[in-house]
Every structure is written in C-alpha cells, then in structure tokens.
Amino acid sequence: MTSRRQFLLLTGAGLAAAGCDQVERFTGLADDPLAPFRPPTGAELDDVSHLLNRTTFGPRPGDHARVTAMGAAAWLDEHLSPDSISDRQTDRLTARYEALRSEPLGELMEFDEKDLLDQMIREKILRATHSKRQLLEVMVDFWSDHFNIDPSKGDSKWLKPADDRLVIRRHALGKFSDLVRASALSPSMLWYLDGRVNQKKHPADHPNENYGRELLELHTLGVHGGYTQQDVMEAARTLTGWTVRERSKSRYGVGVVEFNAKLHDDGPKTILGQTLPAGGGEKDIERLIDLVAHHPATASYLATKLCRRFIADEPPEAAVKSVAATFLSSKGDIPATLRALFATPEFLAAKGGRIKRPFHFIVSALRACSATTDAGKPLQDYLHRMGHAPFHYPTPDGYPEEPQPWMATLLWRWRFALRFAGGKINGTNCPKDALAKAAGSPEKLHAHLLGRMPNDEEVAALKTADSPIALLLAAPAFQTF
Amino acid sequence: MPALATGLIAAPDSAPEQNLVVIFLRGGADGLNILVPHGDDAFYRARPTIGRKKDDLVNLDGFFGLHPALSSWERLWKDGTLAAVHCAGSEDTTHSHFEAQDFMEHGGLIAGGWLGRFLRNRPDAATSPLGAIALGSSLPEVLRGAPSCAAISSIDDFTLDAPPAFTQSLTSLYSRSGSLLGPAGASALAALDRIQSLSATKYTPADGADYDPKDDFASGLREIARLIKARVGLQAATIDLGGWDSHITNDSLMAGSLARLGKGLTSFTTDLGAHLASTTILVMTEFGRRVAENSALGTDHGAGSVMFVAGGGVKGGRQLTQWPGLTEALTGPGDVPIVTNYRNVIAPTLTRLSPKTDIARIFPGFSLDPLPLFA
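Just so you know, the sequences run in chain order U and A. So the first sequence is numbered by the numbering used here: it starts at 342 and just counts up by one. So the second sequence is numbered by the numbering used here: it starts at 33 and just counts up by one.
Since the hints were made in silico from the structure, they are not lab data. What you were told as hints is all true, and nothing was included just to trick you.
Simulated coverage check for chain A against chain U, where a stretch passes if three residues somewhere in it have a Cβ under 8 angstroms from a Cβ of chain U:
hint	stretch
1	141-150
2	176-184
3	191-197
4	217-230
We treat Cβ as the ideally placed atom computed from N, Cα and C, and that holds for glycine.
Start from the sequences, fold in the hints, and give me the full structure.
Following this line, the structure appears as structure tokens:
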C-alpha cells in the first residue's frame with residue numbers, strides 16, 4: 342500500500358492526474374516555504390513581530406510580510422476561527438499516525454503503548470511546526486497543561502490520544518464549559534484522576550475526591566477561588582457513578598464511559614452555596630459543570646493564566662480584569678475572550694518580555710528555518726533533556742508557564758542550536774542555503790531570525806560566527822518572545 | 033519569587049551534592065540465590081538441586097551468605113557501607129515483568145516515576161541541566177517527569193563541540209542580558225567549561241578501581257563516578273543490568289549478571305572513595321523468584337527479592353527484614369512473601385538525600401513506614 346497516495350504526494354506528475362489534489366498543489370506552490378521573502382526592518386520588535394511571537398510558535402519566513410499586508414485584525418479573525426483556514430498539508434504530514442484516531446477507543450488497545458506515545462509526541466511537534474492554524478496549536482498547548490494528563494497510569498496509556506483529539510483539540514477554541522464537560526468524561530481523565538473509582542455503592546462509602554478537587558483547584562475556580570473542603574466533597578459526590586470500561590475487566594467496549602446509577606450518590610448536594618436537589622442522577626454533572634465553568638472565580642483564574650501566557654509573567658491587573666469580564670459576558674467563549682486579551686493596551690506593550698519554554702524554543706527554531714523533521718527520537722531527546730517532553734508531566738498542574746523552572750536549560754538550547762544548524766540531528770533538516778537565498782542577504786536573514794535588525798553586540802558577534810544561524814538561535818534574543 | 037535556580041556548579045569548598053544511583057536488575061532477580069538464607073532448612077527442601085550450599089557462600093552472619101560472585105562485597109558489608117533488605121518488593125501480583133517494573137518505577141498505580149517526582153519536588157529542583165541521567169539508550173519509567181533527564185552513554189554526550197568564537201560570543205551576549213537570562217547564561221557557560229575540561233582529560237579511576245572495559249554496565253558506572261566526582265550538579269543516575277530471568281538452570285543463567293553486578297559495584301565504590309559519603313546506591317528488581325525449583329532447574333516469577341542499599345550514612349553490615357521462614361509464610365503460588373514494601377527502603381534514602389522534601393508526596397496513597405537504614 343505505499344502506494345498511489347504517497348506517490349501522488351511526492352511527485353508533481355501524479356498530482357496533475359488527481360483532480361481534487363490539484364487545488365492543493367496550487368495552494369502548496371503559493372505557500373512555497375522558501376520563496377523569497379521580506380523580513381522585518383525595524384530596530385525593535387514591531388507590532389506584527391509581536392503578534393506573531395505571541396500567537397504562533399514563532400514566525401516562519403514570509404509570515405511577517407504576509408501579516409503586514411493583510412493587517413493584524415484580519416489575521417486574528419482567521420486564527421480565531423481555525424476552521425476557516427485550510428490545513429490539509431499538515432493533515433497529510435500527520436496522516437501516518439492514524440492509530441491515534443482509532444475508533445472505537447478499544448481499538449487503541451491493539452497498539453503498543455510506547456509506540457502510541459511516540460506517535461502522539463511526533464504529531465504534536467509536527468502540528469506545532471507546520472499547522473497553519475497556529476493560534477489553535479498554541480491553545481492546544483495551553484489546555485494540554487491546564488487539563489494535564491500523564492498517560493503513564495493504567496489504561497490512560499492507550500486512551501490519552503482520544504483525550505488529545507476529542508477534548509483538547511476539539512474544544513481548544515470553543516466554549517470553556519464544553520471543554521470542562523468533555524474533560525470530566527474523558528476516559529483518560531477518569532483514569533488519571535481516579536474518577537472511575539469515585540462511587541457510592543454502600544451508604545458508608547466515601548467518594549474519591551481526587552478529580553473533584555482538581556476540577557475546582559486547577560481546572561475552574563483556582564486554588565484561591567473561594568471554595569471549601571466541603572465543596573470538594575460535594576463535587577466528588579456529584580460525580581459518583583461515572584466509570585470507564587477497563588482493559589483488564591472487559592472484552593468489549595473498553596474505554597467506553599458509562600453512568601452507573603447504582604454507584605451514584607443521588608442525595609441532595611450543596612456546592613458553592615447552590616443546591617442540587619436529590620434525584621439528579623446523570624444530570625448532576627451538567628449542573629455542576631454549569632456552576633463551576635461560569636463562576637466569577639473561574640473567569641479571573643483563567644484570565645490570569647491566559648494573560649500570563651500571552652502578556653507577561655506578572656499579568657497586568659487591568660488586562661486580567663478586562664479579559665475576565667469578557668469571559669463572563671461571553672459565557673466562556675474562548676475566541677471572544679482571546680479577542681479581548683489581544684485588544685488590551687497591555688498586550689501590545691509587552692513585546693519580547695517572556696522566555697520561551699523548551700518546546701516553544703525548539704519549534705520556533707524549526708519554523709524560523711523552515712526545517713523539515715520526522716520529530717523522531719533524536720529531536721525528542723532534546724525535549725527530555727530540558728524536561729519538557731509532551732505528555733510527560735506527572736502531576737495535574739501541567740508544565741509551569743513561569744520562566745524560573747526553565748532557566749537551567751540553556752546548555753541544551755545551545756547544543757540544539759549548533760547541532761540543528763550543523764545538520765547533525767538525525768531526521769531533522771535545516772535548509773540553510775535555501776533559507777539564506779530566500780532571505781536575500783545575510784543582514785535580512787539575521788533580521789528574520791531576530792524579528793528585528795541585530796543590535797551592535799549581535800552584529801559584532803555575527804562577524805566571528807561560523808554559523809550565524811546557530812549563533813542567533815543560541816543568543817538571548819531567540820530565547821524570548 | 034523563589035531564588036533563581038541557576039547555581040548549578042558547586043563551589044569547590046561547598047557541601048557536596050547528595051547523589052542517588054539506582055541499579056535496576058531487570059528480569060526478576062532471584063534474591064534467594066543472591067543473599068542465600070543458608071540457615072533456613074526449608075530453603076534446601078524447596079531447592080534440593082539448585083540451592084547453593086553454605087560452604088559455597090560468603091557467610092555474613094551465620095544465617096545469610098552472599099553468592100560467591102559477590103565475594104568482593106564482603107568488605108563493604110564488614111565496614112558497614114552495605115545493608116541488605118530481604119523479602120522486599122511491591123504489592124503487584126501480576127507476575128508480569130512489564131507490569132511489575134512499571135508499578136515499582138512509578139511507585140504504585142500512579143502516573144510518572146518516583147524518582148522524577150522526587151527530583152521535581154526537591155526544594156532545589158531544576159538547578160542543573162545535568163540533574164538526572166540514565167546510562168543507556170532510553171529513559172526508564174522511574175525518571176519520568178524529572179525536571180531534566182538525559183539518556184547518555186558517556187560524559188562526551190554533554191559537550192558542545194563548538195568553535196571558541198561561539199562560546200565567546202555567547203559570553204558577551206548573555207553578560208548584557210537581563211535579570212533572568214544573564215545569570216542563567218553565566219551558569220551554563222561555567223558548567224560547559226567544567227564538562228569540556230572533564231571530557232578532554234583521560235579518566236583514571238581512583239585506587240586502582242578496575243572497571244571491565246568490555247562490560248557496558250561497568251563502563252556506565254565509571255561514567256557516573258566521573259560525573260559525581262566532577263560535581264557538575266548530578267542528583268540522580270540510573271543504570272540497568274539485565275539477565276535475571278532464570279526460568280531454566282537458575283544459577284548458570286544468573287552467573288554472568290551476578291559477576292558483573294559484583295565486580296561493577298565494587299569498582300564503583302572503590303573509585304568513588306571519599307565521594308561515597310555523599311552517594312547512596314540502591315539495588316532493586318521488579319520481583320524475586322518462586323521458592324521451589326522447577327523441573328528445568330530454574331525458578332519462575334515470584335514476589336519478594338532482596339534489595340541492597342550502600343553508601344554514605346548507611347548503617348550497614350545488616351539485613352533489616354525479620355526473616356519470615358520459607359514454609360507457612362509463602363504467598364501466591366509459593367512466592368517469597370513481601371515483608372518490607374520497597375517504598376519503605378526508598379523513602380528513608382530520599383529523606384537522607386533531601387531532608388526538606390515531603391516524601392509522602394512522592395508515594396501518594398501509601399502509608400510509609402520507613403526502614404531505619406541510616407545511622
């Protein structure tokens with residue numbers, strides 16, 4: 342089966358014969374990744390470089406000119422409705438990881454779990470690197486941390502791909518309440534935070550509070566969100582009875598999530614001052630999610646996290662307030678909330694002040710150089726060394742967004758820069774010559790990599806550099822965004 | 033804001049970094065043929081053919097004897113550097129290598145490895161790019177979630193191979209950087225310096241320590257010793273030794289691995305010398321073997337095995353588990369019972385390495401009763 346399909350992808354001759362591919366071939370040519378391009382010319386990061394830095398995993402050649410031409414507003418409009426952007430080239434690049442999209446979910450169990458994990462990581466790197474829906478990828482990364490699952494526990498090893506696809510990706514730019522609901526009933530999450538064993542079979546049974554606590558503390562209200570231990574226990578009671586069919590116990594329907602009324606505590610509950618009457622059964626979860634997903638504490642907690650990601654390590658209060666207000670008034674509409682964030686004066690004023698996390702650093706380097714990669718072990722190895730491999734964070738709080746925990750990673754960033762630019766990472770290619778040619782001159786190439794013209798120190802350093810690309814990727818400026 | 037986590041290079045006169053070295057014997061090592069209970073008649077009744085006789089052992093205390101391949105450990109035992117914990121293991125009952133290793137490396141049915149969690153929960157977490165290493169080609173589950181971990185085969189995997197102009201430029205650019213990147217850059221450059229000079233120097237193990245150059249387990253231990261002595265911020269290292277799945281001809285199947293383990297650990301402790309005081313070595317396996325020998329003169333998957341703890345502060349020369357006897361006490365299909373949960377061996381070790389870390393958080397859902405391993 343290597344087949345006609347792959348052949349068609351690889352050769353221009355085949356494309357002409359296939360009607361529907363013809364359109365894409367045209368798109369592909371229009372987006373020749375290394376066509377001559379015009380890099381930024383300012384001495385400082387301009388608004389367009391800033392927008393690209395914050396809403397993508399780093400500008401590709403030509404992105405700056407493209408956004409300058411179409412205008413930031415139009416560009417944002419597009420990215421806030423990702424379905425409006427055709428991304429079939431990325432779909433094709435990741436098509437080989439079809440195991441991840443197995444349905445029904447029990448089919449996932451047919452695969453080796455280490456292989457599934459490797460495929461998930463590769464797909465994540467490839468999508469972050471190549472997808473045209475960049476803001477979506479940035480938000481997928483954000484929510485993957487917010488609703489973190491380390492899949493190494495129990496059946497999660499096989500079920501996390503479904504969480505990534507049906508929870509995180511599906512709702513990353515949708516309604517927050519849909520995201521929380523999907524996550525609450527995600528088989529992978531039911532394993533990771535023990536929801537599957539949260540039950541009340543006998544009157545003396547205590548519910549398992551693990552998920553209920555994280556739902557309030559990490560997913561919605563935030564640790565200072567004003568809830569009490571009593572609220573945690575009541576939330577846990579509300580969620581009793583939701584189980585997932587286990588690999589070791591079922592032959593059929595493994596991974597299927599079911600509500601078992603016999604395991605549900607159907608008495609009345611009081612959460613955050615609101616009463617859920619007795620007899621709610623499987624509707625109890627809807628009431629709970631409605632309550633916590635639209636709570637004012639949730640709005641300000643999420644606004645703070647979003648402002649940290651997109652504006653500054655210490656989120657400015659005025660921006661947080663404005664974003665939280667929009668979150669509430671839009672009933673948790675994520676695109677509307679982000680639109681409000683990008684409209685704050687604090688957003689535009691925050692140029693270059695954040696430090697890239699290791700995943701962002703690596704992907705931004707791949708993008709800046711228009712690199713090709715198989716995202717295989719030699720590349721993943723750098724993420725492990727820097728402690729930032731996707732799907733490897735053990736606790737539910739997700740990888741930290743703050744800069745401090747990442748400050749001991751420079752040595753590996755430098756090694757990556759050298760080896761990447763030197764063509765020494767197996768499976769990854771940095772097309773140095775084509776990139777230099779597309780940029781037009783060394784000065785323009787430098788400005789592209791920095792998002793601005795080099796300063797005096799950088800100019801001096803570049804004069805002695807064997808590989809200007811390696812030097813600039815390793816330089817302080819490329820660690821920030 | 034916490035203090036910046038960039039001081040990765042210890043000043044020569046500062047207190048030494050406490051290191052943990054985990055040696056995982058993969059395949060289910062037969063504790064009964066490593067630390068042999070020659071004082072228990074039931075042992076010889078269950079293993080009439082393959083039970084190693086008392087005269088053929090390094091007698092330690094009149095009841096237990098070390099397999100002769102470990103004879104060089106007698107000195108460590110006598111000087112109190114080495115302690116043993118028999119009948120140790122986990123509550124996993126699958127008898128599956130994979131499930132049992134996973135369970136033991138995660139610290140239960142939990143996501144992420146216990147060592148990864150420990151390194152992340154330390155107050156001084158993420159201080160070094162070389163904080164944790166796994167000798168070999170892949171990262172073990174136990175390190176999953178560590179703030180930094182690299183699978184390496186030698187110290188040369190850490191070098192930069194950069195022209196001098198590259199590091200000079202970085203020195204100049206980072207020295208002009210702000211409050212976060214400036215110090216972080218200086219710190220990374222200092223680490224680099226130390227690693228480059230280390231890598232450029234031919235390594236001579238101390239005190240005639242004799243690592244077998246053809247044995248990758250021994251070479252791995254040599255690289256770990258080198259990094260510990262260089263004080264580049266290493267906090268934990270893991271290394272595997274396989275070849276323990278002795279379903280047939282128990283002793284001859286284990287002989288090679290036992291010899292490598294015996295000689296390797298002895299070379300390592302000799303080479304470390306004074307640095308052993310700041311190093312703790314854990315030797316563990318996913319499960320032991322069935323007590324009774326099988327028809328192929330081998331042993332099948334069991335439960336309890338032996339763990340060893342060696343290094344600084346260990347109150348050694350002791351076997352710490354109350355021997356349960358090998359008759360009524362057996363569990364499952366005739367397995368050595370678990371008298372000491374493996375977490376109760378790891379927990380005091382981690383407390384010694386980082387007294388300020390809350391070890392209960394490393395093993396959630398388990399009520400710890402740490403073994404008094406340390407003086």
